[in-house]
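One line per chain: the protein sequences are A and B, in this order.
With our numbering, the residue at position 21 of the first sequence is 21, and numbering never jumps.
With our numbering, the residue at position 49 of the second sequence is 49, and numbering never jumps.
What the hints contain is simulated information worked out from the structure, not anything from laboratory work.
Please read all numbers here as calculations on a predicted model, not as lab measurements.
Accuracy of the hints is not assured; some may be wrong.
Where chains are identical, the list cannot tell them apart; a pair therefore holds if satisfied intra-copy or between any two copies.
[To be verified] Below, in silico cross-link-like pairs of lysine-lysine (DSSO-like), each with a Cα-Cα straight-line distance of 30 angstroms or less:
1. LYS5 / LYS43
2. LYS4 / LYS43
3. LYS28 / LYS50
There are 2 protein chains.
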Amino acid sequence: MRLKKYTDYALRVLMYTATKNEEKVSIKEIAETFFISSEHIRKVVHQLSKAEYIETTRGRNGGIVLAKSPTDINIGSVIRIMENDFYLLECFDDGHNQCVITPACHLRHVIGEAMNAFFQVLDQYTLADLMENKEELRALMNQ
Amino acid sequence: MRLKKYTDYALRVLMYTATKNEEKVSIKEIAETFFISSEHIRKVVHQLSKAEYIETTRGRNGGIVLAKSPTDINIGSVIRIMENDFYLLECFDDGHNQCVITPACHLRHVIGEAMNAFFQVLDQYTLADLMENKEELRALMNQ
């Protein structure tokens, strides 16, 4: 049971950008801070921008800033957008499901209930909650 | 976000075996019922046997039976054993974690709390709960 790497990276991009307040940040500095390839960060930034969590501007004075307040960036929503595949069992994927007992099987509901509980927790948190110790995080990022 | 294929198959093996009551079942018939390769089922059966959920006997009258009552087979426990990797984020894997903000990051706790909520739901169910409509399941398996 894992989340995608891109989900992990997306949360780091949001946290990094949030520690910088209004200051524009670059893909390069995020990549270097976390020892992740710029190409991965670029893809994640594109998705976060499309989802309107961040704003990117090009050019010499360009860079990345949050598009909304950290209090308005819900962790559950970010993870839902980044994951985009919640086929915990074959039967969750209607297009490819071949399991013969699907019409009578209660397992799908049990797993679905567990997944709802997972997101109910995540939906209680925003990026602001992850920023409570912003100075400490910033110090680690600048090491 | 997915569970491993083997976790899905393990739950099917347990459900199939439970529908047959005390009757011994074979890897071949489970594989044929679910259109899954015998090799996959063999591996899953080995793990379930090691974890003492099923008993296997060899020979002409051999086969697979449940090693305990369905009420004693907890769904959360089965999934924990089959998954065996809960590195939802890089920082969950102490041996390979390179994320610089780990010492101050609250995200790990938030995701950990969500994962606990996921298992709290699963821990409320046993194989017996999935067998409430055993006759209906058996009919679908025998089609």
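Intra- versus inter-copy proximity for LYS43 and LYS5 (alpha-carbon distance at most 30 angstroms): Result: close both inside a copy and across copies, 12 angstroms intra and 28 angstroms inter.
Within, between, both or neither: how does the pair LYS4, LYS43 come out at a Cα-Cα threshold of 30 angstroms? Cα proximity of LYS4 and LYS43: in one copy and across copies (13 angstroms, 26 angstroms).
Intra- versus inter-copy proximity for LYS50 and LYS28 (alpha-carbon distance at most 30 angstroms): within (20 angstroms within a copy, 49 angstroms between copies)
When held up to the earlier numbered hints, the structure conflicts with none and fits them all.
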